[in-house]
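Got chain Z; can you put chain H on it based on the hints?
There are 2 protein chains.
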Amino acid sequence: MIVRKVDVFREKQGINLLTGHPVTSIDRAAKSVKGTTLEGKPFAALYDKLLIATGATPILPDLPGIEHPGVMVLKTLADGRRIKQYLNGRTVRSAVIIGMGYIALEMCEALQTLGLEVAMVKPNPRFLPWLKEELAAVVAEEIRAKSVTIHTGCRMTRIDNSGGHLQVVCEDLTLDADMVLVATGVLPNSEIAAAAGIELGPNNSIAVDNRLMTSDPHVYAAGDCADAVHVVTGQKTWIPLALRANRAGWAVADNVCGRDIALSGVVGTAVFKVFDLQVARTGLNRKEAAAAGFETAEVAIKTRSRAHAHPGASTIHVSMVGDTNTGRLLGTQMVGHEGVAHRINAPAVALHAQMTVEQFSQTDLSYAPPFGPTWDPCLTAANQLLKKL
Amino acid sequence: MIVRKVDVFREKQGINLLTGHPVTSIDRAAKSVKGTTLEGKPFAALYDKLLIATGATPILPDLPGIEHPGVMVLKTLADGRRIKQYLNGRTVRSAVIIGMGYIALEMCEALQTLGLEVAMVKPNPRFLPWLKEELAAVVAEEIRAKSVTIHTGCRMTRIDNSGGHLQVVCEDLTLDADMVLVATGVLPNSEIAAAAGIELGPNNSIAVDNRLMTSDPHVYAAGDCADAVHVVTGQKTWIPLALRANRAGWAVADNVCGRDIALSGVVGTAVFKVFDLQVARTGLNRKEAAAAGFETAEVAIKTRSRAHAHPGASTIHVSMVGDTNTGRLLGTQMVGHEGVAHRINAPAVALHAQMTVEQFSQTDLSYAPPFGPTWDPCLTAANQLLKKL
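So the sequences go chain by chain: Z and H.
Numbered per our numbering, the first sequence spans residues 727 to 1115.
Numbered per our numbering, the second sequence spans residues 727 to 1115.
Where hints are given, some of them may not hold.
If several chains are the same, the list does not tell them apart, and a pair holds so long as it fits within one copy or across any two.
What the hints assert, rightly or not - Calculated lysine to any residue pairs in the SDA-like style (CA-CA distance at most 20 Å, straight line):
hint : residue 1 : residue 2
1    : LYS1028   : GLY879
2    : LYS1114   : VAL732
3    : LYS999    : ALA920
4    : LYS731    : LEU967
5    : LYS810    : ALA1035
6    : LYS757    : TYR812
7    : LYS1114   : ASP980
8    : LYS999    : GLY1038
None of these hints come from the bench; they were simulated from the model.
Here chain Z stands alone, though its shape is the one from the complex (with noise of 0.2 Å):
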């Protein structure tokens, strides 16, 4: 999917575009490429750098019944589309949501604002496994508030469809619905660079240095499809997100003019709004932090996100998760009504600098009244887990 429109690189940027031209090899040795275009043409392309930018896909169950006719993917603009002409183009009172992560939870809130009702059913016990328990309380209440089912733990065993109608079957349930969201999550598309003797990283993304350059010195990687260096862990992680993806094209554009970009890795930070709450994260999770190999404290407290006089204010939960041995800030989670998707930027940066709790405690942050208490919701919970410490 191009965005911009292909004549704006062939005729302002001289760059040979060419799209339909799907690349199912590479040819380390002779440096090309090669592959069949949609007319079914083979084609052929040297290259002195060659970078690959191939994204993610939409995971598929294996599930039979997938392929019927109103079972939905969203990953591009084109899925988006078709979704979009499927609930025209006939009468859509019902959704099953595969899947309960960011993709699943926003397209909660679209289908369920156009009057849709809707279910969301995973086979996984735990709603947003990643969140702190009672900070996933909050936002499943919010989402069951709006009169969307949630079934966790639910394994399912087939799609069925019966004149345009779909019947989601798990083992203990059937779930009605004229249409089927799959948001099982997303794996990088990395065939052709496994094929052709390419390092793969974690959940079998390319593996890249700092200046996004493969285990081959002419190769790059950016993007969905390229890993990335955990800041807290120093480790290598994949997390397919759009600032990474866009700041890791910049720098790779520059590193193959022959500049040199150094990046210098994620921190995992996320946010997502599911109706009127606004949920966020950085750094890692508990449990996260313990496959890492730290020793863990962890809090988890509720405040108010404006000062306690001031009219509308309302809960802010926060959670945040240290180093017992250095002290270190390793994660932070929120979630709340206001005030919490760019509250998130400040453990994030403190996560950048590798700040222990104490330091990041002693932070000047921003207080007015209405925008929350004198003590930012961060510092509580910093303040918090330093008794931990």
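Using the frame of chain Z, we list chain H on its own:
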């Protein structure tokens, strides 16, 4: 002004709280304080450790007529009640505000919202002189759009009072008002400390070390009367704001009681709301940076508060200052209708960590379409500033 009831201190915490006992002198040799109660009775009290938490007092310009009834200041809760009482006790249709700082602007909004015609006046020709010109112009425009008039560069000569109606007389202008609010800043209440020979800091605030100890090891000071270290310059500064005052209060209590708490200092983070705008700053502006000996580069950018396709987006203005010698981030300012108050905390933490602009430009900040562009406005500013360093 005691926010908690006196009984709570006396009965629940065992603190012999003496209100109505103004201290007039400190005898450091005898380790005692002396004064006269509001009932005219002399008193004295010995101390092992003394904490001076005398706060700050509004500056009253040396203006004939400033003593007229209807000329008000706002610092304490009692001041606020006095203003309310004045507004409720008569027909007040118009107000003149002398000064254009945080309090002046917040009161401008409050009085305009109550239906008053509001004019603001001050001698300095620049509106918000600490704010980058382009950003200050956005704030001025917002205020004027609410029919508030702004008179900068006006030297006031007196306040006249004829039958409860006030006139603020300037050299080339006379402003009529039913009420005048004087909001020209505050000064630290350090006279007693100075008289006792305790060292003073910037703006005659009481000089303290990072443990809130004054030049006398038995005397501490905290709150708006005391100074602090500015983390960016390493020099002393006096920025009387709530978070530092509160934090210093907690730290000094620990230190007086034998724990050892050192504060790292402030970066001057502040935010205020005026009508629909959020105005925030952290660190140094270009002039302050130059005064502290830095050679600087600066950018001012405009970007959007949400992703380009997302409805409801508005303009965010960001200015950023960096050190051309070391590449260090020195300060950031921001004005916008949403998403400013907490966004400022990302550069604030970066200042504490002494990050370079390049390091900050690589941070992994949150992104989702309802909350911002893929590149947070702070990152866009940092990317632009990098080109100048």
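Okay, the hints, checked on the actual structure:
no.: 1; hint: LYS1028 x GLY879; result: neither (28 Å within a copy, 47 Å between copies)
no.: 2; hint: LYS1114 x VAL732; result: neither (57 Å within a copy, 33 Å between copies)
no.: 3; hint: LYS999 x ALA920; result: neither (35 Å within a copy, 54 Å between copies)
no.: 4; hint: LYS731 x LEU967; result: neither (24 Å within a copy, 52 Å between copies)
no.: 5; hint: LYS810 x ALA1035; result: between (45 Å within a copy, 16 Å between copies)
no.: 6; hint: LYS757 x TYR812; result: neither (43 Å within a copy, 83 Å between copies)
no.: 7; hint: LYS1114 x ASP980; result: between (45 Å within a copy, 18 Å between copies)
no.: 8; hint: LYS999 x GLY1038; result: both (19 Å within a copy, 15 Å between copies)
Checked against the numbered hints listed earlier, the structure breaks hints 1, 2, 3, 4, 6; every other hint is satisfied.
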